[in-house]
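Taken in sequence, the protein lines are chains H and F. Numbers in the working numbering are just positions in the first sequence, counted from 1, shifted up by 50. Numbers in the working numbering are just positions in the second sequence, counted from 1, shifted up by 50.
Hints may contain errors.
Just so you know, same-sequence chains aren't split out, so a pair can sit in one copy or run between any two.
Using 35 Å as the maximum straight-line C-alpha spacing, the simulated DSBU-like pairs for lysine-lysine come out as follows [claimed, not checked]:
| # | residue 1 | residue 2 |
| --- | --- | --- |
| 1 | Lys124 | Lys142 |
| 2 | Lys410 | Lys98 |
| 3 | Lys282 | Lys324 |
| 4 | Lys142 | Lys324 |
Don't read these hints as lab results, they were simulated from the structure.
There are 2 protein chains.
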Amino acid sequence: MGPGPSDVPRRILDAMARPTIGHLDPAFTDMMEQTKTLLRYAFQTGNKLTFPVSGPGSVGMETCFVNLVEPGDKVIVCINGVFGGRMLENVKRCGGVPVVVEDAWGRAVDAAKVEAAFAANPDTKILAFVHAETSTGAQSDAAALAAIARKHGALTLMDCVTSLGGTPVLIDAWGIDAAYSGSQKCLSCTPGLSPVTFSERAIEKVRARKTPVQSWFMDLNLVLGYWSGEGKRTYHHTAPINPLYGLHEALVMLAEEGIENAWARHRTMHEQLKTGLEKLGLSFVVPEDERLPQLNSVYLPADVDDAACRARLLSEFNLEIGAGLGVLAGKIWRIGLMGASASQKNVDYCLKALAAVLGK
Amino acid sequence: MGPGPSDVPRRILDAMARPTIGHLDPAFTDMMEQTKTLLRYAFQTGNKLTFPVSGPGSVGMETCFVNLVEPGDKVIVCINGVFGGRMLENVKRCGGVPVVVEDAWGRAVDAAKVEAAFAANPDTKILAFVHAETSTGAQSDAAALAAIARKHGALTLMDCVTSLGGTPVLIDAWGIDAAYSGSQKCLSCTPGLSPVTFSERAIEKVRARKTPVQSWFMDLNLVLGYWSGEGKRTYHHTAPINPLYGLHEALVMLAEEGIENAWARHRTMHEQLKTGLEKLGLSFVVPEDERLPQLNSVYLPADVDDAACRARLLSEFNLEIGAGLGVLAGKIWRIGLMGASASQKNVDYCLKALAAVLGK
């Protein structure tokens, strides 16, 4: 019950153990097409260019930046936690010109500051922000932020690693141009794959580039020869066959449950966990209306040893919760209710274990 | 029996289906340390910096290039097949200055040409070549090439995707400074991980860089915070837990067999396959003394329909063999004897199936 990987259902683990077949086998490429369709459902998008990058979420992030940011492009980067900072690193390494909008860790991105940043930088090409900050549990108003970007003629690039499948991610309704996620959070699959989606506007920007994409592996022009499914499929890299079996199964399970039901389950479990945590005297880092249901950050009580407590949870209760990152290291715990971990059993067990180690 | 992925033993598939635990769980980080030790055995090296990159072989390749090549660095790139060409792409995208040494597809890299390229370019910083060309089945004399590079004060960067575990890869004895491989060839694991190793000389070059590494994900300075195991392990990205269970198991199996025995098995199975293929009237693309035992490239008989034949092998015999790539597309077949696929059963079955589809 940390900030991911979440519990992986046996059904998904068993899918990963199916015999490995070739990455150009028709049975496998059929599954690729199904995976793309299922991912479009998860992202709530009609974007043709929707597929899982063969790497962890950080590779999905970098795939978005190296393709969309050309040297000299001005990019507004919103930072309200670790992953906004990582976006900034990506912009710099692509030769982009970052304009940083900062908000306190634990708070949502302030739309007014983004509006002001656009006013001061009308030549901005891209707005980049994190929808669900895994380092704090804060959720930003993606629809409002994307609307500002669109008004100013910029593309929107969104991190939804922790939100996809757990809380609404509405790529088309919000007008998001590029987004990346991870397999190991609310999709409840094993870590190692990064679903991404790109709008037609985003693809146009990639096609109009004057400079080559600096990464060979992440160059969408090349990756698409394998994933597009149009005409002859050409070899780009050997796809991670078995992890893709797992992701496919995870997405089938999401479709079976119904994504609205999955969102509701995360919400209900969060309400129960919240009530229990508050009874234990723990207070939330993020204000209630900016809180992610699937990632519950609470302040450590003053007299509690962070590492010792988490070590006891792990060794005595076989339970992992997350530590704080960056400026919040040693100050908070992050309790994940992601995917299959968002269950009655987990909520009850976690509250019991926490009560025990806190001596309540 | 294509050019990878190879057959994955049930034991490795079952390992991948073990419950997912956290990437900072002590049980997991213990396994990471074991994996590094086992990989040093596979690479026959004492290099401290030896670990699996969280991505397919192409990410391992790019990790080597983006870290070692600085803008303006002269790099001699040997091209005798598809993967040498991919190295060239990498050098260009890192801002390196490539000096290309070309050899015919299906032949080893000519050491005399490399010597001449160094003579004409004494300021060369890196020699890059493919030890085992997966597109042709040709093996180059890595020891001789690395010796030339060392004589001229350059680092050696080697692709051993298809050789590791199947034919000798002697990183220390040959004096290789950076090498990358893949999990899905002679290690018989599922695709998606790329073992890499770096000498102290290579690390010094990375440390002495004047420009930042262009990739955030592949920046060794950052990745090491997680994989080095020195002091506190810091989060970089979420490691692909379950695929790493699989790689660990594959490496344990290699150690159980003994790497010299694994090399001998690949050699023996190749000899048997070769005899059978020649009996069927098929001739090898690569001259005998430059041939890889684990990748057998043969010319298609003149009157045979490539795609139809491979489709029949797949549908009637459940057998995959590889098509030609690049200039050899439609002209050759590539039959892999990699890892667990290098078995008596597979050799016999493949020869029987080929005889049937060729009407022999």
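Here is how each hint holds up against the structure:
In the homo-oligomer, the alpha carbons of Lys124 and Lys142 lie at most 35 Å apart both inside one protomer (10 Å) and across protomers (25 Å), since each shortest distance falls under that limit. Taking the closest pair of Cα atoms, Lys410 and Lys98 never come within 35 Å of each other, the shortest separation being 52 Å inside a single copy and 46 Å across copies. In this assembly of identical chains, the alpha carbons of Lys282 and Lys324 lie at most 35 Å apart only when taken from different copies (32 Å versus 52 Å within one copy). Taking the shortest alpha-carbon separations for Lys142 and Lys324, neither the intra-copy value of 39 Å nor the inter-copy value of 53 Å comes in at or below 35 Å.
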